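Generate coordinates for the entire structure from the input sequences, incorporating the hints supplied.
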Amino acid sequence: MFTWLAMAKWSPYIVGAGIGVLVWVSFLLSDRPLGASTAYAKTAGMVELAVSRKKAAAMPYYRMFTPTVDWQWMIVVGIAVGAFLSAWLSGTFSVFVVPPLFAGIFSSDPPLRIVVALIGGILMGIGARWAGGCTSGHGISGTLQLSVASWVAVVCFFVGGILVAGLIFGFPFLPGG
Amino acid sequence: MSLDTIRSNARLQIVLGLLIGIAFGFLLQKGGVTEYSVIIGQLLLTDFTVVKVMLSAILVGMIGIHVMKARGLVRLHCKAGSVGATVVGGLIFGAGFAVLGYCPGTAAGAFGSGALDAAVGIAGIVIGAGLFARLFPYLERVILNRGIFPAETVPEMLGVRPAWVVIVVSILIVGVLAMLAGAGF
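Chain order of the listed sequences is A and B.
Going by my numbering, 72 is the number at position 72 of the first sequence; the sequence numbering is gapless.
Going by my numbering, 248 is the number at position 71 of the second sequence; the sequence numbering is gapless.
Hints may contain errors.
[As the list claims (entries may be wrong)] Chain B stretches covered by chain A per the calculated footprint, using a threshold of three residues with CB under 8 Å from any CB of chain A: (1) 178 to 191; (2) 201 to 215; (3) 241 to 255; (4) 272 to 286; (5) 292 to 304; (6) 346 to 352.
[Unchecked claim] Just a few of them, taken from the derived set where beta-carbon distance is under 10 Å, the chain A residues facing chain B: (7) Phe2; (8) Lys9; (9) Trp24; (10) Thr38; (11) Tyr40; (12) Ser52; (13) Phe93; (14) Ala117; (15) Ser150.
In short, the hints are calculated from the structure, not lab data.
Bear in mind the structure is a predicted one, so any value in this text is a computation, not a measurement.
C-beta atoms are modelled at their ideal positions from N, C-alpha and C, and glycine is treated no differently.
And the structure:
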């Protein structure tokens, strides 16, 4: 058992099947789809509340997604804890600012990666709430319910992602790309 | 304890959220999808780990959820979508996906495994979600309800029993996974 938990990588099929089972558990015990991006909207609402209680309470979006610590919010906290446990048990936990791939192509100086990550995060936060979900909420929980919106969303995630990644890194599947 | 008492117990739900999240983060990290290079590799179509994880999750999740639904144990939670919301938002998300190199779930996982750039990404996602919330009344009036999709689910749209769609999608997923493996990915 322990050697298995200490392995650095598991088969992607096993990992995927495990996530599928987690979605069963979410539906059965919590009557909710497994998703991550709602928690970020709730956090933004908590910040707005801290700045101005009156103004935040009047914003229609936070009536739909109440800024409270609940199941949705704990999911994202749990993800960080679970990933830490996994990395720590396998001895792969390491603290860094610039991922090696980014450092190799652009710069190993933290400021560039920090600016890029912030811009990417802002785009992603806007896009996730605009589309009504992310790679978990639409990409896994929605598609497996055969939701039309989720299948359209996941295709758009990858179309947008493949295009922009190609513009940034070059298209490796094109000749001379 | 019946399912209803579990589902309506707010404190228990907070603990369940944490436990399900821990298991989710553990799996994402073990799958390698919390790594920047794996996500960028997927978007450059040189590494298919993300697609393998997602399709396996959809296959197992879809069969289980539909069996439980047929037995009356769970209900579906589909969101209505539209061209203005789903397509436009999805493309913006995709751009962010490529620039950040993590998604909202895997960013939390990457942070947990030591990637501090993911913490910056998390702050960015919160800022982006906050900007969207500010713009929401305007966007709702102007674009979000443009081109609403004709149905919430694929079986409804096609007018067939969900079981048939589950069978066809399962065969397609197994086929795609076999093709990827056959092509050496």
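Item to complete: Against chain B, run the beta carbon of lysine 9/A and see if the smallest gap drops under 10 Å.
Response: 6 Å, holds
Discussion item. When I compare C-beta atoms, does the segment 292 to 304 of chain B have three or more residues closer than 8 Å to chain A?
Written reply: Holds: 12 residues of the segment 292 to 304 of chain B have a Cβ under 8 Å from chain A.
Discussion item. Cut-off 8 Å, C-beta pairs, minimum 3 residues; does the coverage of the segment 241 to 255 of chain B by chain A stand?
Written reply: Since 9 is at least three, the answer is holds.
Worksheet item: Would the hint on alanine 117/A stand, with a C-beta cut-off of 10 Å toward chain B?
Response: Holds, because the Cβ-Cβ distance from alanine 117/A to chain B comes to roughly 4 Å (cut-off 10 Å).
Worksheet item: Within the assertion that chain A covers the segment 272 to 286 of chain B, do at least three residues meet a Cβ-to-Cβ distance smaller than 8 Å?
Response: Since three or more residues must qualify, the claim that chain A covers the segment 272 to 286 of chain B holds, with 14 doing so at under 8 Å.
Discussion item. Can you verify the interface hint for phenylalanine 93/A: is its Cβ closer than 10 Å to any Cβ in chain B?
Written reply: Given a least distance of 5 Å, the restraint on phenylalanine 93/A holds.
Worksheet item: Is the interface hint for threonine 38/A satisfied, with its Cβ closer than 10 Å to some Cβ of chain B?
Response: 9 Å, holds
Worksheet entry | 8 Å C-beta criterion, at least three residues: is the segment 346 to 352 of chain B covered by chain A | Our answer is that it is violated, as 1 residues pass the Cβ test (under 8 Å) against chain A, missing three.
Discussion item. Does the closest beta carbon of chain B sit nearer than 10 Å to the beta carbon of serine 52/A?
Written reply: Violated - the Cβ of serine 52/A stays beyond 10 Å from chain B, reaching only about 12 Å at its closest.
Worksheet item: Would the stated hint for phenylalanine 2/A survive a check requiring a Cβ distance to chain B of less than 10 Å?
Response: Status violated, d = 14 Å.
Item to complete: Under 10 Å, Cβ to Cβ, is where serine 150/A needs to be relative to chain B, so tell me if that hint holds or is violated.
Response: 7 Å, holds
Worksheet item: Taking 10 Å as the limit, does the beta-carbon of tryptophan 24/A come near enough to a beta-carbon in chain B?
Response: Where the cut-off is 10 Å and the nearest Cβ of chain B is about 4 Å from tryptophan 24/A, the hint holds.
Figure legend: structure checked against the earlier numbered hints; hints not met, in rising order: 6, 7, 12.
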